[in-house]
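Participant: Following the numbering used here, the numbering of the sequence shown begins with 1 at its first residue and continues without gaps.
No lab work stands behind these hints: they were computed from the structure.
A portion of the hints provided could be inaccurate.
[Claimed, not checked] Quick list of simulated restraints, FRET-style, between CB atoms:
| hint | residue 1 | residue 2 | range |
| --- | --- | --- | --- |
| 1 | Val200 | Asp131 | 20 to 28 Å |
| 2 | Val200 | Glu253 | 20 to 28 Å |
| 3 | Glu458 | Leu407 | 52 to 60 Å |
Don't be surprised by glycine CBs; every beta carbon is placed ideally from N, CA and C.
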Amino acid sequence: MIMQGRNKLPFAGVLVLLFPMMAIGSEAARTGLTVTAVVQGQGFVDPPAAKVSAGGTAQFLALAAFGWRLTEVSGDTCAPLADELGFWVVSDIQADCQLVFEFVEQELAEAEFCSEPDFLIPDNLPAGINDFLDVDAAGEVVEVRVELSGQHSWVGDLKFILTHPDQLTSVDLIDRPGIPPSSAGCSESGFDLLLSDDGVDGPVNEQCRDTPPALFGNPVPEQPLEGFAGLDLAGVWVLNVSDNAFQDVGRLERWCLSFSYLPEASYVVTPSAGNGGSIIPDSPQAVSAGSAISFEVLPDEGFEIDQVGGSCGGSLDGEIFTTAAVLADCTVQASFAALSYQVTAVIGQGQGSVSPAQQTVSHGGTALVSVLPDPGWRIEDVRGDSCTPQLVGGGQFQAEQIVADCLITVDFELITHTVTPSTQGGGGSISPDDPQTVLDGDTVDFQLTPSSGFLVDEVNSSCGGSLSGLIFTTAPVFADCEVVARFRFVETFTVTPLVDGPGGSIEPGKPQQVESGASLVFELIPDPGFVIDQLGGSCEGELDDSRFITSPVSADCTVQVSFRALVDDLFEDRFEVLP
């Protein structure tokens with residue numbers, strides 16, 4: 001009878017929960033993989049077998065018989081896990097599998113709890129007075145026995161009611177002994193008895209001994225105490241005692257509850273951790289059936305949680321793993337993986353290349369990047385946001401002790417050189433006269449301006465280059481260099497060209513400065529119809545057709561030319577006179 005009360009609700013619940021499992025089986029019936037449940041001990045597993053497809057999932061509901069508990073669930077080719085709903089689930093099935101559900105019988109425990117209120121039982125107060133007994137043992141009631149002792153001058157007035165901590169279940173222990181047959185009940189006094197369903201001294205309501213105590217021995221209660229069977233033991237039990245007639249009073253001196261009960265089932269959860277971390281607590285833990293337990297999973301430096309598995313099932317939230325409802329001895333197994341980080345290399349500005357663009361580095365490891373500027377560029381800066389790259393030679397930069405993702409940024413800058421111009425000894429100037437910044441391989445021009453009486457003597461340049469007139473142009477510049485101009489003083493004379501009269505011109509037509517000993521060339525240009533007539537002046541020289549070349553000049557002098565028309569005289573009658 002107790003077992004029926006224990007199993008009625010869980011087994012009825014199975015009918016509702018079977019539908020998903022039946023659907024899984026019928027869907028996979030064509031595939032032929034079978035998961036079979038084997039029960040050891042007394043319990044119930046549904047379904048007894050399930051057909052699944054390769055890689056499929058099956059689930060089973062396991063219920064222990066009253067007085068038994070599930071201690072282990074194991075599979076030969078598959079790994080069962082408990083889920084949050086109390087099902088045992090096997091996933092990724094690749095072969096026929098046999099699941100063994102092992103149930104073991106629980107041993108009964110005994111406990112007694114007593115109270116000694118020694119309070120007055122008020123006369124003719126049907127509501128009565130309560131006393132409370134706090135039971136702090138955990139388990140499931142199998143049998144209850146109630147001990148009552150006290151004084152009362154007319155026990156036929158008394159009524160005792162025991163109420164379970166759920167406040168819904170009550171049992172009438174004593175209900176005015178002697179009624180019937182007497183309408184006033186037993187007129188004797190005193191009570192000292194132990195009520196139990198298997199009492200040997202008859203029904204308590206039929207007791208009425210003429211020598212105290214009137215209620216005695218080990219009688220059977222008015223209502224069976226088995227009404228409490230299957231309920232939780234723990235909590236506050238309430239005893240209500242009342243006097244239901246006038247004139248007689250008494251006292252409740254002591255009362256006790258003796259229990260035979262099934263201790264709350266508990267299972268052992270065994271934690272373990274692999275290399276690279278720890279789990280807290282790290283020793284096997286006793287857990288009440290259906291309860292969950294949490295573990296702190298702590299990776300060592302340089303590691304992260306890889307996964308938390310085992311046979312308990314459950315979920316991981318951050319570093320806290322909480323099992324599913326524990327329904328059997330099970331394990332929690334934490335594994336860890338070495339941390340790795342992404343090191344990314346990018347170009348911030350300028351032109352060049354950097355490689356590799358991305359690499360994976362283990363915790364505490366080293367990243368190496370190669371940096372190559374484009375022609376005309378050079379490395380300006382190589383920096384990391386969470387790591388420190390250092391030049392190790394040959395365009396290689398190395399970042400050590402990587403402990404986080406790192407972004408390495410490379411900046412390139414154009415290669416430039418400084419060309420510094422100057423003059424030496426005076427006598428002229430150079431423009432520009434301040435240092436010039438030149439891109440690698442470019443040239444720069446400088447204007448040389450001699451002072452009066454000076455000429456450009458030479459240009460010394462570490463840049464290389466050439467002088468054209470008064471313009472000095474460097475060679476392509478590949479390093480810092482200098483341009484130094486020197487001037488020399490020379491005696492000069494003025495050669496003044498003159499034209500007497502009309503008929504032509506002389507080029508150049510303005511006075512010319514010439515170094516001592518140098519010569520000048522003048523072009524004598526007759527107008528149309530004219531020819532050179534006379535060539536004179538103080539500059540010596542010679543005429544070569546229409547060009548006059550001076551002798552070396554040693555003093556100021558002039559070159560003077562005149563032109564004449566080809567026709568000398570013309571008569572009024574327009575006849576020309578021949579010479």
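Participant: For every hint, state whether the structure bears it out.
Facilitator: Hints, verified against the model:
no.	hint	verdict
1	Val200 <-> Asp131: 20 to 28 Å	holds (27 Å)
2	Val200 <-> Glu253: 20 to 28 Å	holds (24 Å)
3	Glu458 <-> Leu407: 52 to 60 Å	holds (55 Å)
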